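Protein chains in written order, with my numbering: chain A, 150 to 314; chain B, 4 to 354.
Hints were generated in silico from the structure; no laboratory data involved. These figures come from a predicted structure and were not determined experimentally. Be careful, since some hints might not be right.
So these bits of chain A aren't anywhere near chain B, every CB distance computed over 10 Å [unchecked claim]:
hint, residue
1, L154
2, A207
3, D253
4, W261
5, E283
6, Q289
If you anchor each label on the Cβ, the simulated ranges turn out as follows [said to hold, decoys possible]:
hint, chain 1, residue 1, chain 2, residue 2, range
7, A, P295, B, L198, 54 to 62 Å
8, B, Q240, A, D205, 47 to 55 Å
9, A, Q159, B, M312, 27 to 35 Å
10, A, L219, B, S266, 52 to 60 Å
11, A, R307, B, G132, 53 to 61 Å
12, B, V235, A, S309, 28 to 36 Å
13, A, E248, B, G32, 42 to 50 Å
14, A, R307, B, D327, 52 to 60 Å
Even for Gly, the Cβ is constructed at its ideal location relative to N, Cα and C.
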Amino acid sequence: MNSSLTFLSQSGHETDQLGHALAAVLTHGLPIALNGQLGSGKTRFVRALCSGLGVDIAFVNSPTFVIMQLYTDGRIPVAHFDTYRLGDLDEFLSIGADEYLLSDEWLCLIEWADRISEALPDDYLDIRVQQVAETSREFQFRSTGPRSSGIVDALRNRLSSSPSG
Amino acid sequence: MNEASSLRRLLAIESSCDETAAAVVREDGVVLSSIIASQFELHEEWGGVVPEIASRAHVRRILPVIQAALKEAGCLTSDLHAIAVTTEPGLVGSLLVGLTAAKTMAMSLQIPLVTVNHVEAHIYACGMGQDHSIYPCAGFVVSGGHTNLYDCRSATECQLIGGTTDDAAGEAFDKVARILNLPYPGGPAIQKAALSGNAKKFTMPRPLIHSGRLDFSFAGLKTAVLYAARGVPGPNQLAETPPECVNDLAAAFQEAAVDVLVSKCRQAVRQLGYSRLCVGGGVAANQLLRNELQKMAKRERIELLVAPMNLCTDNAAMAAIAWDLLKAGKTANLDADVLPGLVRHNFQNRR
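If we strip away everything but chain B, and leave its shape as in the complex, we get:
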C-alpha cells in the first residue's frame, strides 16, 4: 500500500438548497470523489427553487449520491474518519435531510460529526488553489438567497456586516427576468439579453448607494423596472412587457444592480481596512459584475479573489473547511440543529 492510503478520509454532505451533493476528501485536501445531483430541471418550470420539492428530491437522492461518492472514491463506510454536513443557512427541510443522513452515519459508524456554514465555505473556496492565506478579508456572498458582506478574520470567523433589507441580488435577477418574460434562472437570461441592449435608454435607481450603511435594497429597483416596462400603475399599465424594450431594460437593470454591488464591496473594504476582497455565490458568475469588481480592485489597489465557478456549487470547498474544523477539535454533537436564517451582528455599533 502506498503512503496516501494511510491518510484520513472525510465524507461531506451538502443539501442546503437545490443541489444534493456528497464528496470524499482526504485530509491533505485531495478530492477523491465529488457527486452532485442537481435539481435544476425540477425548478425550471417553477421559476425558482421550490423548497418542498427540493426536500423531497433530496430525500430521494441523498443515499444514491452518498453511495456514488463512496464508490468513486474506492472507499467503504468503515474507511471514513468523519462526516461533515452543511447546517446553515438554507432551506429548513433541505438542510434537515442532509443533517439527518450525516447524524445517522456518524452515530452508526461512531465517528465525529462536523457542521459547516455554507456561506463560510463560499468564501473559503476563494482561497483554494492560492499559495497564500486569504484571511483576513472582506467577504461577499451574492446568490439567490444571499447578498451578504462579511468581516472574515479566519476560515471559521466570518461576521456578517451587511445584507439586503428586502430581496437578495439573485432573487432580484429572477423577479426582473419574470417581469421581462425571460426564462429562469434570471441571471444568465438577463446577462444574455443585456448584451444586445442599451443600458442608457432607461434610467434606473441605485438604491442605498450613497448610504453610509453596508445594506442593499433591490425592491425599489425591481419596481422601477416594472414601471419602465409596463408604465405606472393605473388604467394604462400594460399587462405584459413589450418585447422591443426587454434587452434595453435588462441592460439598464444589470448595470444598476452591478453598480450597487460593486460600490458596497468598495465601502466594506474601506471600512474594514483590509487589502483583499473574496467573492463567492452564483451571481459572481455575472460577467459585468466580475469586470467591474476587477476595475474597482485595481483602483483601490486591493487583491480580488472570485471563487472558481465549479466551487460555487460544488461542496469540495465545504469538505476542506470541515477538515480545518476537525483538526481544530470543533466537532458537533448529535443533537446539532439546522440554522436556516442568518446571524447578524450589529456592525454599526461595534465600530
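Pulled out of the complex, with its shape left as it was, chain A reads as follows:
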C-alpha cells in the first residue's frame, strides 16, 4: 500500500531538479516531513520545491529564527516550518501549526520534523536526506497513506520518464 522511492542527487543542480519534479506532481496541500543533519540541503530542496510551485524564492529562506514562514504567491499555499529551536511538541502546537497541518489546502514543509512527529497527521510524505559524499545527497521518500502514496507514485513516474533525472 505505502510507497517508497530513493533518489541519489549528485549535485545541488540535481537537487533543484528533484524539487521541481516533486512540485510538478503536487496537486493540493500535503504535510511533508523533512529530516536530515545540519548541511544536508533541506533548505535548498525546499527552495527548489517552492520555486517549482511558482513562489518568489526571494522570500524562501531558513525559518530557524521565526519558526514559520508562509508563502502564498505560488500555485499551492506553503507553510514552511523549522523546529530546530523548539523545545517540545507543545511549543510547535502553540504557534498554531496544527491549523496548517490539518488543512487540505496548505502544503506544510517541516524541517527537523522528527522533533514533532507526534503532531503529524496519518497521511504525510516523509523525506529523509542523507549526505553520502561531499556533494551527493540521498533522498528517501516514503508515503504513510493514500494521498502521499499517490504523490510518491507520480514522482517515480515523472523521474523515470525524464532522462535528466
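Following the hints, position chain B against chain A.
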C-alpha cells in the same frame, strides 16, 4: 515646576525577540528610563532563542518591566501621551505579548498607539548622537535573524533590497559554534576562538560574493566548516570536531563570513549611489567586521556609522523613531497586527 515637565512623554514597549524592554522617552529625545529584562540566561542552555520560552517569559516580565520603567521615570500612566510598540519583524508569540500590552494601555488611557518596525529602529539608532541626518543611506541590519540590506530614504522609508537565501549571519555563527563545540551565543565565542587561530589553515568558500545580486547565502559555508572539521560524509566522518583545529576553523569561518558581509555592503552602497552606510544588529559587535567595514568605507570614501552597542539591544532608539511617527500623524488603530516576516520589494526589477 520647570519647563521640562511640560514636555510630552511616551512609553515604548519592545518584545520582538529575546528581550522584554520598556522605556519612557520625552518628546525632546531625553530617555527618562530604560528597563531591559534580558532572557539571555533562559536561552543559553538551548543554544539559541527558544520562541515559546521567549513568549512565556515575556508574559511574565512585561508588566513588572513597564512598572519599573514608569517608576524610574517618575511618571504615572496618566502622564503618558502615547504608547509605542514593536510589531515587526520578530517571533509571532513574543511580538503579540508586547502588542497586547500596548493596545490595552492605549485603549484604557485613551491615548494614541504607535507601531514601530524593529529593523528601521536599528538603522535609526546609527543617527542618535550625530549632529546631521543619516538619511538617505544604505542600511545593513545583521543579527541572529536578519542579514538585510535596505535603501533608507528616511527614518520610516526603508526598503529591503537584499537578504539571505538561507541562514542569517548570526544564525550561521550560532550553528558553526555548535559544530565547533563552542558555547552560545556563537558570535562572541567564534570571535574569541579566532584570536588564537590561523585563518589560512583552511580555505572557505565565499558564497555569492561575485553574484550581481545583493543576496547572502551561509548554508554552504556552514557545510564547508562541517566538512573541514569532521571530514566529508561517509564512514570516515568524525562524530566530533577535533579540539586542535577549532581555533583555526573559527578564524577561517569568521574571515569568510566577514568578507561576504563587507563585499555586499560595498555593492549596495555603489548600486544605491549613497555616500553613507549605517550598520546595526548584534553581529555588528564583531570586531573583525567593524575593522573591515571601516577599511572599506575609507577606500570607497563613504561615511560609516555603526549603531552603538547599547542601542542594538536597547529600545530607546525605537522610542525616538516612535516620536517621529507620532509627530507625522502616523498612529495605529487598535486592530493593528504583528508582521513577523519581512516585506521584500523586487529591487532588481525596480532598478
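Hints versus structure:
no., hint, verdict
1, L154, "holds (21 Å)"
2, A207, "violated (6 Å)"
3, D253, "holds (23 Å)"
4, W261, "holds (13 Å)"
5, E283, "violated (4 Å)"
6, Q289, "holds (15 Å)"
7, A:P295 / B:L198: 54 to 62 Å, "holds (58 Å)"
8, B:Q240 / A:D205: 47 to 55 Å, "violated (36 Å)"
9, A:Q159 / B:M312: 27 to 35 Å, "violated (46 Å)"
10, A:L219 / B:S266: 52 to 60 Å, "violated (32 Å)"
11, A:R307 / B:G132: 53 to 61 Å, "holds (60 Å)"
12, B:V235 / A:S309: 28 to 36 Å, "holds (30 Å)"
13, A:E248 / B:G32: 42 to 50 Å, "holds (43 Å)"
14, A:R307 / B:D327: 52 to 60 Å, "holds (54 Å)"
When held up to the earlier numbered hints, the structure conflicts with 2, 5, 8, 9 and 10 and fits the remainder.
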